[in-house]
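Q: Modelling step: build the complete structure from the supplied sequences, incorporating the hints.
Take a look at the letters that make up each chain.
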Amino acid sequence: MTRTPAAPAPGAVQPASPLDPEAAISIRGLVKRYGDRNAVDGVDLDIQRGEIFALLGPNGAGKTTTVEVLEGYRARDGGEVRVLGVDPADGGRRWKAELGIVLQSGAGDSQLTCLELLRAQAAYYPEPRDPAEVLELVGLTEKAGSRGRTLSGGQRRRLDVALGIVGRPRLLFLDEPTTGFDPEARRQFWSLIRSLRDLGTTMLLTTHYLDEAEELADRVGVITRGRLVEVAVPSALGGRGQAPAVVSWTEDGVRRTAETAAPTAFVAELATRFPGEVPDLAVARPTLEDVYLRMIGDPA
Amino acid sequence: MTMIEERSLPSIGSVCRTRAGVELKEFFRQRESVVFTLMFPVILLLVFGAVLDYELGSGVSFTQYFMAGVIAAGILGASLQNMAIGIATERSDGTLKGLAGTPMPKSAYFVGKVVQVLVVTVAIVVILLVIGVVFYGVDLPSGTEWLTFAWVAALGSAASTLLGIAVSSLARNGRSASATVTPVALVLQFISGVFFQFSEVPTWLQTVAAVFPLKWMAQGLRSVFLPDALAAQEPAGSWELGRVALVLGIWCVVGLVLCVRTFRWQDRVDR
Numbered sequence: 000m001t002r003t004p005a006a007p008a009p010g011a012v013q014p015a016s017p018l019d020p021e022a023a024i025s026i027r028g029l030v031k032r033y034g035d036r037n038a039v040d041g042v043d044l045d046i047q048r049g050e051i052f053a054l055l056g057p058n059g060a061g062k063t064t065t066v067e068v069l070e071g072y073r074a075r076d077g078g079e080v081r082v083l084g085v086d087p088a089d090g091g092r093r094w095k096a097e098l099g100i101v102l103q104s105g106a107g108d109s110q111l112t113c114l115e116l117l118r119a120q121a122a123y124y125p126e127p128r129d130p131a132e133v134l135e136l137v138g139l140t141e142k143a144g145s146r147g148r149t150l151s152g153g154q155r156r157r158l159d160v161a162l163g164i165v166g167r168p169r170l171l172f173l174d175e176p177t178t179g180f181d182p183e184a185r186r187q188f189w190s191l192i193r194s195l196r197d198l199g200t201t202m203l204l205t206t207h208y209l210d211e212a213e214e215l216a217d218r219v220g221v222i223t224r225g226r227l228v229e230v231a232v233p234s235a236l237g238g239r240g241q242a243p244a245v246v247s248w249t250e251d252g253v254r255r256t257a258e259t260a261a262p263t264a265f266v267a268e269l270a271t272r273f274p275g276e277v278p279d280l281a282v283a284r285p286t287l288e289d290v291y292l293r294m295i296g297d298p299a
Numbered sequence: 000m001t002m003i004e005e006r007s008l009p010s011i012g013s014v015c016r017t018r019a020g021v022e023l024k025e026f027f028r029q030r031e032s033v034v035f036t037l038m039f040p041v042i043l044l045l046v047f048g049a050v051l052d053y054e055l056g057s058g059v060s061f062t063q064y065f066m067a068g069v070i071a072a073g074i075l076g077a078s079l080q081n082m083a084i085g086i087a088t089e090r091s092d093g094t095l096k097g098l099a100g101t102p103m104p105k106s107a108y109f110v111g112k113v114v115q116v117l118v119v120t121v122a123i124v125v126i127l128l129v130i131g132v133v134f135y136g137v138d139l140p141s142g143t144e145w146l147t148f149a150w151v152a153a154l155g156s157a158a159s160t161l162l163g164i165a166v167s168s169l170a171r172n173g174r175s176a177s178a179t180v181t182p183v184a185l186v187l188q189f190i191s192g193v194f195f196q197f198s199e200v201p202t203w204l205q206t207v208a209a210v211f212p213l214k215w216m217a218q219g220l221r222s223v224f225l226p227d228a229l230a231a232q233e234p235a236g237s238w239e240l241g242r243v244a245l246v247l248g249i250w251c252v253v254g255l256v257l258c259v260r261t262f263r264w265q266d267r268v269d270r
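Residue numbers (numbering that gives the first Met the number 0), protein chains in the order written: chain A, 0 to 299; chain B, 0 to 270.
A couple of the hints might just be wrong.
Partial list, computed: chain A residues near chain B (C-beta under 10 Å) [as the list claims (entries may be wrong)]:
| no. | residue |
| --- | --- |
| 1 | 104 |
| 2 | 106 |
| 3 | 108 |
Residues from chain B that keep clear of chain A, each with C-beta distances beyond 10 Å, as calculated [said to hold, decoys possible]:
| no. | residue |
| --- | --- |
| 4 | 55 |
| 5 | 136 |
| 6 | 194 |
| 7 | 236 |
| 8 | 238 |
| 9 | 261 |
If you're looking for bench data, these hints aren't it; they were derived computationally from the structure. Cβ coordinates follow ideal geometry from the N, Cα and C atoms, glycine included.
A: Printed below as a string of structure tokens:
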């Protein structure tokens, strides 16, 4: 948890804890208003270097707004933000050279081929990756000579990612990178993200796919109505790790279930009641989805 | 303390070259823009040259007159219409937002656009001149007339490019930019003496036309293509080259101010 433990004094505007100078991203009390509505309403968060952090939340929760403040696209109305040690409001070319940005909307239509687009993009950066290698990495080598408009939705999105990483970013923003992917494309994309992690890239990912967050992220933050309601490793989100396990089995032709805090002991005891295998034995924890739906449904 | 490494960024010159290459490919590979911007004036010249085959007096054919107008209209298409529609499209489809997130120097984007306008303009002018000479026996300018040709075209093109960039910010997307700018350009062409003699335009419309750059571009180019005897048919009885330079120069300044004040790298955030 990175939320500040101490409750701020009423009316306090100063962040309760200082910005973390070592973090890739450090946010204190971020506020962004649209009209009289706070789209982002006091977010505190630190994302460490090398980490993959997933920001999870329903549509309109403030994910994209938060990310676009970090990327320097939107001006904030309150709070302090540092991205790679720099306030995004003053981020210059050098700062942008360290970032890779995959926008939710993706890149526009172009008459250039995939390889030409990547070469042009690479020309803006000090130490770009080899465009052909990047195409290989995202699995678009066969499409090197194709124009963007001829690509499928999933291929286009991979091209967006290729454009985001060709500059060899140390910090990569991915805003809903797999929306519209089929399951196969999503799995390919996940392995791409893992290979980027192995190259040491810090990533901030927004998604509304829980399996994606669980699969990729070191930590997950759940944002709803502009507030970060929890930050945790995926397995511990919402007290999931401590939640009672549900053991189920079939006995005398009837499906039985039991909730227990000690499933191992329970199953060992259960095993003594059957001569061999316990019929249809299953042990389940609340899924991330169960936990998540409870969190975002909470009107508090 | 920042974590930004001191890596040397690519030079602005090299990024400008990259952008120029991108802009030229984007233009010449898109059938719509090539047909609309390049072929439209050519078709106009071919059709008008064939249909309106009469003499204006002093042994000057209408085509000789139309040459100045169609070149001015071609320059307007390559700059004002091309920029307004092209940039509005790039803004609404996220291309500009994507570029703004890279370390590309913002000036390089505009240099790329200027190179595109320049190349397309030169292509249009050359094609129109060749067709004029080969099919309609148009007399080419000579001597210092080329100099006048060059500065009128350059100043007119600069004013129209800046205006086009400014106008792009008014449109919601490329299609709405096209729907706004195309009729305006067409009306301007009719009242600025492109399709027929400016002296035939009603006086009040002449006054309207005189506010905008196209009329002055066409008038400046007429001074190049027509004998000085025909200057008497101009509203002022002369080519008014000083005023041509003044009005186009003012439009450059106005266009630049509008660009600087209105240019946006992303769609409005109005949520």
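Q: Could you work out which earlier hints the structure fails to respect and list their numbers in ascending sequence?
A: Nothing - there is no hint that the structure violates, so all of them hold.
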